[in-house]
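J.: Guided by the hints, dock chain B onto chain A, whose structure is given.
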Amino acid sequence: GDQVKQSPSALSLQEGTNSALRCNFSIATTTVQWFLQNPRGSLMNLFYLVPGTKENGRLKSTFNSKESYSTLHIRDAQLEDSGTYFCAAEGGGADRLTFGKGTQLIIQP
Amino acid sequence: NAGVIQTPRHKVTGKGQEATLWCEPISGHSAVFWYRQTIVQGLEFLTYFRNQAPIDDSGMPKERFSAQMPNQSHSTLKIQSTQPQDSAVYLCASSLAREDTQYFGPGTRLLVL
Numbered sequence: 001g002d003q004v005k006q007s008p009s010a011l012s013l014q015e016g017t018n019s020a021l022r023c024n025f026s027i028a029t030t031t032v033q034w035f036l037q038n039p040r041g042s043l044m045n046l047f048y049l050v051p052g053t054k055e056n057g058r059l060k061s062t063f064n065s066k067e068s069y070s071t072l073h074i075r076d077a078q079l080e081d082s083g084t085y086f087c088a089a090e091g092g093g094a095d096r097l098t099f100g101k102g103t104q105l106i107i108q109p
Numbered sequence: 001n002a003g004v005i006q007t008p009r010h011k012v013t014g015k016g017q018e019a020t021l022w023c024e025p026i027s028g029h030s031a032v033f034w035y036r037q038t039i040v041q042g043l044e045f046l047t048y049f050r051n052q053a054p055i056d057d058s059g060m061p062k063e064r065f066s067a068q069m070p071n072q073s074h075s076t077l078k079i080q081s082t083q084p085q086d087s088a089v090y091l092c093a094s095s096l097a098r099e100d101t102q103y104f105g106p107g108t109r110l111l112v113l
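Each protein sequence line maps, in turn, to chains A and B.
Numbering-wise (this note's numbering), the first sequence opens with residue 1 and increments by one.
Numbering-wise (this note's numbering), the second sequence opens with residue 1 and increments by one.
Heads up, some of the hints might be wrong.
Said to hold, decoys possible - Partial selection, computed: residues in chain B whose CB lies under 8 angstroms from chain A:
1) F33
2) G42
3) Y48
To be clear, the hints were calculated from the coordinates, so they are not data collected in a lab.
Beta carbons: idealized from backbone N, C-alpha and C, even for Gly.
Isolated chain A, as found in the complex (with noise of 0.2 angstroms):
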């Protein structure tokens, strides 16, 4: 099965309203990354985590290692933040980042 599952697959949401999206994780994760995705293709950073909440203006996310999920909190949403939201783990001893399969998030006014 998939070793980073991200829900929901695909989100549709009016301009001004809130939203959040989930990743569950089946390896050792040690840090999460969040990225979007937009439609040119470009993957930018929106947040690094350890174990722990950061937030960023209308962005707040949430890495819980004890159960092993993550969060990505949107509030007020823009047209801006259409595209593809990744969460993306590290952990294990591997430097490497295991994807999930993103979240497709369209803003519509």
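T.: Chain B in isolation, oriented as in the chain A frame:
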């Protein structure tokens, strides 16, 4: 800071030809990673170098694929005898230290006809 640079951005090859992809990591970063993205498989790890030494190539197809890092300012991924199933976006990333943020380049979109 120009970020991670990848060239070419697009490459079209005929089946059986060789393709060489280039990556220039962020200056001062000690690690370079190669990943591949397809619709079916998603984002997959291929290989990585630290301080120019190959560390982990567990994701590399055993045949036809090879990667090198001849100096700290660039890495290459070479695919010999390309096949249509090699068509993908090949992404390079670099990081400053172990267990650190990985920064991705824009990718090279490879199409094998």
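J.: If a hint holds in the structure, say so; if it doesn't, say that too.
T.: Here's how the hints hold up against the structure:
Hint status for F33/B relative to chain A: holds, with the closest Cβ pair at about 7 angstroms, below 8 angstroms. Given the 8 angstroms rule on beta carbons, the hint for G42/B holds: about 5 angstroms separates it from the nearest Cβ of chain A. At its closest, the beta carbon of Y48/B sits 6 angstroms from a beta carbon of chain A; the interface hint therefore holds under the 8 angstroms criterion.
Hint check: no violations occur; every hint is consistent with the structure.
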